[in-house]
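S.K.: Next come the chains, spelled out residue by residue.
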Amino acid sequence: MSKKITVGPVGYMPQSAPSMGVELSPEGKALLYGNIVEEKEAMRDAAKALLTMKNPTIFPGPQVLWDWRDDVADKSAAILELASEIPGCKIIPMPDYRPKYPKIDVKAEINPNHPNLTILDNKIKACVFIGVHCHYANLSLRMIRAGTDCYTIAMCAMMGHEEAMASLRDVHADNILAFRDVVVEVRNELGIEHTATMPPENPSLPKEDWGSLTPADYGEYRSLIMSRKGEHVAEVE
Amino acid sequence: MSLNKTLKDMDYLLNEAPREKHFITGAQAMAEAVKRANVDMAIAYPITPQSEVMHLVGDIYAQGHIKEYYRAEEELGTMSAIAGAARAGVRLFTATSGPGLLRGLEAIVSWPGHRVPCVLGVLTRVINAPLSIQPDNLEMAYLMHSGIVMLHAENQQDTFDMTLAAFAITEKVDVYIPVSVSTEGFFVTHAKGYVNMMSEELAFTENDPYHAPVPAMDNEVPPARIQRDAPVQKSNFMSYLIHSVWQQEIWDSNRRAMKYIYQYVGGPIEVTNPGAKVMLVASGCAAAQAREANRYAQEEGLDVGFVKVRAIRPWPKKEIQDALKGSKAIIVPEHNIVGWLCKEVQASIPNSGDVIEGPRVYGGMTLPVELIMTEIYDALGMDSLVLQA
Numbered sequence: 001m002s003k004k005i006t007v008g009p010v011g012y013m014p015q016s017a018p019s020m021g022v023e024l025s026p027e028g029k030a031l032l033y034g035n036i037v038e039e040k041e042a043m044r045d046a047a048k049a050l051l052t053m054k055n056p057t058i059f060p061g062p063q064v065l066w067d068w069r070d071d072v073a074d075k076s077a078a079i080l081e082l083a084s085e086i087p088g089c090k091i092i093p094m095p096d097y098r099p100k101y102p103k104i105d106v107k108a109e110i111n112p113n114h115p116n117l118t119i120l121d122n123k124i125k126a127c128v129f130i131g132v133h134c135h136y137a138n139l140s141l142r143m144i145r146a147g148t149d150c151y152t153i154a155m156c157a158m159m160g161h162e163e164a165m166a167s168l169r170d171v172h173a174d175n176i177l178a179f180r181d182v183v184v185e186v187r188n189e190l191g192i193e194h195t196a197t198m199p200p201e202n203p204s205l206p207k208e209d210w211g212s213l214t215p216a217d218y219g220e221y222r223s224l225i226m227s228r229k230g231e232h233v234a235e236v237e
Numbered sequence: 238m239s240l241n242k243t244l245k246d247m248d249y250l251l252n253e254a255p256r257e258k259h260f261i262t263g264a265q266a267m268a269e270a271v272k273r274a275n276v277d278m279a280i281a282y283p284i285t286p287q288s289e290v291m292h293l294v295g296d297i298y299a300q301g302h303i304k305e306y307y308r309a310e311e312e313l314g315t316m317s318a319i320a321g322a323a324r325a326g327v328r329l330f331t332a333t334s335g336p337g338l339l340r341g342l343e344a345i346v347s348w349p350g351h352r353v354p355c356v357l358g359v360l361t362r363v364i365n366a367p368l369s370i371q372p373d374n375l376e377m378a379y380l381m382h383s384g385i386v387m388l389h390a391e392n393q394q395d396t397f398d399m400t401l402a403a404f405a406i407t408e409k410v411d412v413y414i415p416v417s418v419s420t421e422g423f424f425v426t427h428a429k430g431y432v433n434m435m436s437e438e439l440a441f442t443e444n445d446p447y448h449a450p451v452p453a454m455d456n457e458v459p460p461a462r463i464q465r466d467a468p469v470q471k472s473n474f475m476s477y478l479i480h481s482v483w484q485q486e487i488w489d490s491n492r493r494a495m496k497y498i499y500q501y502v503g504g505p506i507e508v509t510n511p512g513a514k515v516m517l518v519a520s521g522c523a524a525a526q527a528r529e530a531n532r533y534a535q536e537e538g539l540d541v542g543f544v545k546v547r548a549i550r551p552w553p554k555k556e557i558q559d560a561l562k563g564s565k566a567i568i569v570p571e572h573n574i575v576g577w578l579c580k581e582v583q584a585s586i587p588n589s590g591d592v593i594e595g596p597r598v599y600g601g602m603t604l605p606v607e608l609i610m611t612e613i614y615d616a617l618g619m620d621s622l623v624l625q626a
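Listed in order, the protein sequences are those of chains A and B.
The numbering used here puts the last residue of the first sequence at 237; the count rises by one with no breaks.
The numbering used here puts the last residue of the second sequence at 626; the count rises by one with no breaks.
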């Protein structure tokens, strides 16, 4: 198979995968290095990357971080099960899409406007995008391909992503568990011994202490939390 | 929807639903498509010749086919309001003409980057001074670099079918940028033609704003309670890079629309006699005249073919190359002075020197078939005066 989409860094100004002729896979198929393949083939290559490359990481996006639809809890639980079967796997969330100024905490989160910072700082060589809205996933995956040597896997609830090395489409909880099974299968084939272990707590996140917050902690957004004159806010989320 | 309609997918509506023949104007055809598209909201500011369309859309709003409709303060306000309404996840329609399009252009060119799904009717009109309300399609040249999908309707039937199809294309999750349907003012909008339409009891299935590549601004639903369009104006490499890949994403989305243009409107071009010695390439109203010139040529036994271009964006470069392979002269009749279609064709083929730049009419002038025939005779080395006599 000729690889149309390869692990980067591809350079300063990346050419987009669709402009290179890569098309999204039809239902029931997947993309692997820009080629349409059987789902199992893409899953096995992705599993091998997660098992053999350094610092494998799952980046869950807003659609699986918030319990806003009936299937989200199942999907999120499946993601944890997948992570538990990958030795040394971390979970770093993409909680929103705002650029993080003046500086992102690259240990705590990833952001679509500068995703390569989190990848480079954590020396992540294989990653999974899941639950990120397609537009932002496309931007992130292209920037990662441009400036890092990270193998990217897109697990998309919709049509998939041309920019990822491996792209799975129509992914829901059952499909995540199927991928977990493939990970275990490939892991056994590679002779990697592992006991299912939950990923570590995010080390950068401080203990939540909302009592000590001041408006200054909200920076440029402080006006949004300041009560108006005469207003008494009795409840907050 | 306030009326009790039967909701159907676009494949059924366009390809399977029984149709009846009507004799209506292009403006009526566009409004009838809107009637069947299950539109949530229409916003517009009137301008001739678009005002006929939006007047009719106002009528169908009053009849209950559309949930909300208002006249904005002017076109920049109109197009900005469309962008705002799109964030709330509603299905949208607007239309404008010539100067109105240019006035709204600042907002329109921001739509694709904001991932605004909507349908924009462009009923073409002169934009140059001195003031004129007459048709030419120069304004489409300005739209060609905006990133939005552009369809160009030849006649009333195209106007109906393309407008309806546009609502399906714009909401595809891998597209999700606006789709414009252009047609010539007056020549199509105010002239009657036969249009086969399905029952108005049928309508396009509801829009699902959560089946989208960006979050809808629903403050009750957490994944959307986030800023959608990042302000990336900081002066550093990362902000430049995100903007560059964002621009790429606009054009990638445009490119992805091609498969839906095949699915819903029969492909980006229509070809008659591919590989003929002389090929006519035209879009919109000029395609109707080129089609007629091609018919004349066939009656005279001339080696002539015809390409009608339905999709201006995404531009069907490969299809054009294939259709024109082997031809010795390519004639591009147009309704504008700059020849934007001609330039696209020239840039698409290796033998661009074989492209004849015209005939072109503008300022409201009609495009007589004889003008095209003269070019055909010249291209074939025939004495056109003798033949026409």
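If you are wondering where the hints come from, they were derived from the structure by calculation, not from laboratory data.
Nothing here was measured: the structure is a model prediction, and the numbers come from that model.
Among these hints, one or two may not hold up.
[Stated by the list, open to error] Distance condition first, Cα-Cα at most 35 Å in a straight line; then the derived DSBU-like pairs of lysine-lysine: (1) K562/B <-> K3/A; (2) K554/B <-> K29/A; (3) K54/A <-> K29/A; (4) K258/B <-> K48/A; (5) K555/B <-> K4/A; (6) K29/A <-> K245/B; (7) K29/A <-> K555/B; (8) K4/A <-> K562/B; (9) K565/B <-> K258/B; (10) K103/A <-> K29/A; (11) K100/A <-> K4/A; (12) K562/B <-> K40/A; (13) K304/B <-> K496/B; (14) K29/A <-> K496/B; (15) K29/A <-> K40/A; (16) K258/B <-> K4/A; (17) K496/B <-> K4/A; (18) K90/A <-> K123/A; (19) K103/A <-> K40/A; (20) K3/A <-> K304/B; (21) K554/B <-> K4/A; (22) K40/A <-> K555/B; (23) K3/A <-> K554/B; (24) K123/A <-> K103/A; (25) K496/B <-> K3/A.
[Said to hold, decoys possible] Beta-carbon label-pair distances, calculated as ranges: (26) E343/B <-> T214/A: 38 to 44 Å; (27) N588/B <-> D121/A: 51 to 57 Å; (28) G512/B <-> Y12/A: 38 to 44 Å; (29) P102/A <-> D296/B: 50 to 56 Å.
Note that the Cβ used here is the ideal one computed from N, Cα and C, for glycine as well.
S.K.: Work down the list of hints and note, for each, if the structure agrees.
M.R.: Do the hints match the structure? See the list:
Restraint check: the Cα-Cα separation between K562/B and K3/A comes to about 31 Å, which is no more than 35 Å; the hinted pair holds. Pair hint K554/B plus K29/A holds up; C-alpha atoms about 28 Å apart against a cutoff of 35 Å. Straight-line distance between C-alpha atoms of K54/A and K29/A comes to about 28 Å, which keeps the hinted pair within the 35 Å bound. Of the pairs offered as hints, the one joining K258/B and K48/A is violated, with about 60 Å between alpha carbons and a cut-off of 35 Å exceeded.
For a cut-off of 35 Å, the pair hint linking K555/B to K4/A stands: about 20 Å separates their Cα positions. For the hint linking K29/A to K245/B, the alpha-carbon distance of about 27 Å falls within 35 Å, and the restraint holds. Pair hint K29/A plus K555/B holds up; C-alpha atoms about 26 Å apart against a cutoff of 35 Å. For the given pair, K4/A sits about 28 Å from K562/B by alpha-carbon distance, which is consistent with the 35 Å threshold.
At most 35 Å may separate the alpha-carbon atoms for a hinted pair to count; K565/B and K258/B exceed this at roughly 40 Å. Between K103/A and K29/A, the direct Cα distance comes to roughly 39 Å. Violation of the 35 Å bound is thereby established for this hinted pair. For the given pair, K100/A sits about 32 Å from K4/A by alpha-carbon distance, which is consistent with the 35 Å threshold. The suggested pairing of K562/B with K40/A is violated, with an alpha-carbon distance near 41 Å, which exceeds 35 Å.
For the given pair, K304/B sits about 31 Å from K496/B by alpha-carbon distance, which is consistent with the 35 Å threshold. For the proposed pair K29/A and K496/B, the alpha carbon gap of about 17 Å is at most 35 Å, so the pair holds. About 9 Å separates the Cα atoms of K29/A and K40/A, which keeps this hinted pair within 35 Å; it holds. With a CA separation close to 49 Å, the supplied pair K258/B and K4/A exceeds the 35 Å bound.
Restraint check for K496/B and K4/A: satisfied, since their Cα atoms lie roughly 20 Å apart, inside the 35 Å limit. Between K90/A and K123/A the CA atoms are separated by roughly 12 Å; this keeps the pair inside 35 Å, and the hint holds. Between the alpha carbons of K103/A and K40/A the distance comes to roughly 39 Å, so the proposed pair goes past 35 Å and is violated. Proposed proximity of K3/A and K304/B is contradicted: the alpha carbons are some 49 Å apart, above 35 Å.
Among the hinted pairs, K554/B with K4/A is consistent with the structure: their alpha-carbon atoms are about 21 Å apart, no more than 35 Å. In summary, the hint linking K40/A to K555/B is supported, as the alpha carbons are separated by about 33 Å, within the 35 Å threshold. Only pairs whose Cα atoms come within 35 Å are accepted, and K3/A paired with K554/B is accepted, the gap being roughly 25 Å. At roughly 18 Å between alpha-carbon atoms, K123/A and K103/A fall within 35 Å of each other, so this suggested pair holds.
For a cut-off of 35 Å, the pair hint linking K496/B to K3/A stands: about 23 Å separates their Cα positions. Judged by the Cβ atoms, the range 38 to 44 Å given for E343/B and T214/A holds: they are separated by roughly 40 Å. At about 53 Å, the CB distance of N588/B to D121/A agrees with the hint of 51 to 57 Å. At about 43 Å, the CB distance of G512/B to Y12/A agrees with the hint of 38 to 44 Å.
Between P102/A and D296/B the C-beta distance comes to about 54 Å, which sits within the given range of 50 to 56 Å.
Consistency with the previously given hints fails for numbers 4, 9, 10, 12, 16, 19, 20, ordered from lowest to highest.
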